Amino acid sequence: MHYRDPIYINNKLNERLALYAKEGLFTEELVGHDGDKPLYRYNFTDEGRKYLDKKWWGGTNFCFGKVVVEKIDKVDDQMQGIRMVFFYYHMENVPNWIKNKDIYSLYKGYGGLE
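Mapping the sequence shown onto my numbering, position 76 (from 1) lands on 76, and the numbers just tick up by one.
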């Protein structure tokens, strides 16, 4: 499926909402069926509201943890007006729900869990 296909996007959203509900960030209420497909309504729980960040572009997102820079590895000023900084970091105060491999696997390209 293509990442711009509305059906693909909706299926991915449904997958995420169900996983977040299992972790206690949303309530999940069965509200009916579309043929043989169940239809659910999701609402934030108090726990989910703790991580809510509405300021981020593109809609509602979860925000958590703190990035701690360990070491600046390289500074590159080769491009006029742009400075590239390469660094090592770790995260602190990361909630257990993001460590769930099923949730974490939804976000490709964000490194590994330790």
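For the record, the hints were derived by calculation from the structure and aren't laboratory data.
Predicted model only: the values in this text are computed from it and were never measured.
Please note that a few of the clues may not be correct.
As the list claims (entries may be wrong) - The calculated lysine to aspartate or glutamate pairs, modelled on EDC-like cross-linking and capped at a C-alpha distance of 20 Å, are:
id: 1; residue 1: K66; residue 2: D53
id: 2; residue 1: K50; residue 2: D34
id: 3; residue 1: K101; residue 2: D34
id: 4; residue 1: K108; residue 2: D34
id: 5; residue 1: K22; residue 2: E47
id: 6; residue 1: K12; residue 2: E29
id: 7; residue 1: K99; residue 2: E15
id: 8; residue 1: K66; residue 2: D34
id: 9; residue 1: K66; residue 2: E47
id: 10; residue 1: K12; residue 2: D34
id: 11; residue 1: K101; residue 2: D77
id: 12; residue 1: K37; residue 2: E15
id: 13; residue 1: K99; residue 2: E23
id: 14; residue 1: K50; residue 2: D73
id: 15; residue 1: K50; residue 2: E23
id: 16; residue 1: K101; residue 2: E15
id: 17; residue 1: K22; residue 2: D46
id: 18; residue 1: K108; residue 2: D5
id: 19; residue 1: K22; residue 2: D102
id: 20; residue 1: K12; residue 2: D36
id: 21; residue 1: K71; residue 2: E92
id: 22; residue 1: K50; residue 2: D5
id: 23; residue 1: K99; residue 2: E47
id: 24; residue 1: K12; residue 2: D102
Claimed, not checked - FRET-style restraints, in silico, Cβ to Cβ:
id: 25; residue 1: K101; residue 2: Y3; range: 43 to 51 Å
id: 26; residue 1: I82; residue 2: T27; range: 41 to 49 Å
id: 27; residue 1: E29; residue 2: M84; range: 42 to 50 Å
id: 28; residue 1: T27; residue 2: F64; range: 33 to 41 Å
All residues carry an ideal CB built from backbone N, CA and C; glycine is no exception.
Each hint, compared with the structure:
1. Between K66 and D53 the CA atoms are separated by roughly 14 Å; this keeps the pair inside 20 Å, and the hint holds.
2. A distance of roughly 33 Å separates the Cα atoms of K50 and D34; the hinted pair therefore is violated under the 20 Å criterion.
3. In summary, the hint linking K101 to D34 is not supported, as the alpha carbons are separated by about 30 Å, beyond the 20 Å threshold.
4. A distance of roughly 31 Å separates the Cα atoms of K108 and D34; the hinted pair therefore is violated under the 20 Å criterion.
5. With a C-alpha separation of about 12 Å, the suggested pair K22 and E47 falls inside the 20 Å cut-off, and the hint holds.
6. For the hint linking K12 to E29, the alpha-carbon distance of about 18 Å falls within 20 Å, and the restraint holds.
7. Distance check on the hinted pair: K99 and E15 sit about 17 Å apart at the alpha-carbon level, within 20 Å; holds.
8. Taking the CA atoms of K66 and D34, the gap is about 42 Å. The hint is violated against a cut of 20 Å.
9. The hinted pair formed by K66 and E47 meets the criterion: a straight-line CA distance of about 18 Å does not exceed 20 Å.
10. Restraint check for K12 and D34: the C-alpha separation of about 18 Å stays at or below 20 Å, so the hint holds.
11. Restraint check for K101 and D77: the C-alpha separation of about 38 Å exceeds 20 Å, so the hint is violated.
12. Between K37 and E15 the CA atoms are separated by roughly 14 Å; this keeps the pair inside 20 Å, and the hint holds.
13. Restraint check for K99 and E23: the C-alpha separation of about 11 Å stays at or below 20 Å, so the hint holds.
14. At most 20 Å may separate the alpha-carbon atoms for a hinted pair to count; K50 and D73 exceed this at roughly 34 Å.
15. Annotation: proposed proximity of K50 to E23 holds, straight-line Cα distance about 13 Å (limit 20 Å).
16. A distance of roughly 14 Å separates the Cα atoms of K101 and E15; the hinted pair therefore holds under the 20 Å criterion.
17. In summary, the hint linking K22 to D46 is supported, as the alpha carbons are separated by about 14 Å, within the 20 Å threshold.
18. Of the supplied pair hints, the one linking K108 and D5 holds, its CA atoms being roughly 19 Å apart against a limit of 20 Å.
19. At roughly 11 Å between alpha-carbon atoms, K22 and D102 fall within 20 Å of each other, so this suggested pair holds.
20. Straight-line distance between C-alpha atoms of K12 and D36 comes to about 19 Å, which keeps the hinted pair within the 20 Å bound.
21. Taking the CA atoms of K71 and E92, the gap is near 16 Å; set against the 20 Å cutoff, the hint holds.
22. Under the criterion of a C-alpha separation no larger than 20 Å, the hint pairing K50 with D5 is inconsistent with the structure, at around 31 Å.
23. Between K99 and E47, the direct Cα distance comes to roughly 16 Å. Compliance with the 20 Å bound is thereby established for this hinted pair.
24. At most 20 Å may separate the alpha-carbon atoms for a hinted pair to count; K12 and D102 meet this at roughly 13 Å.
25. For K101 and Y3, the hinted distance range of 43 to 51 Å is not satisfied, since their beta carbons lie about 22 Å from each other.
26. For the pair I82 and T27, the beta carbons lie near 45 Å from each other, so the given range of 41 to 49 Å is met.
27. Remark: the range hint 42 to 50 Å for E29 to M84 is upheld by a beta-carbon distance near 47 Å.
28. Separation of T27 from F64 is about 20 Å and departs from the stated range, judged on CB atoms against 33 to 41 Å.
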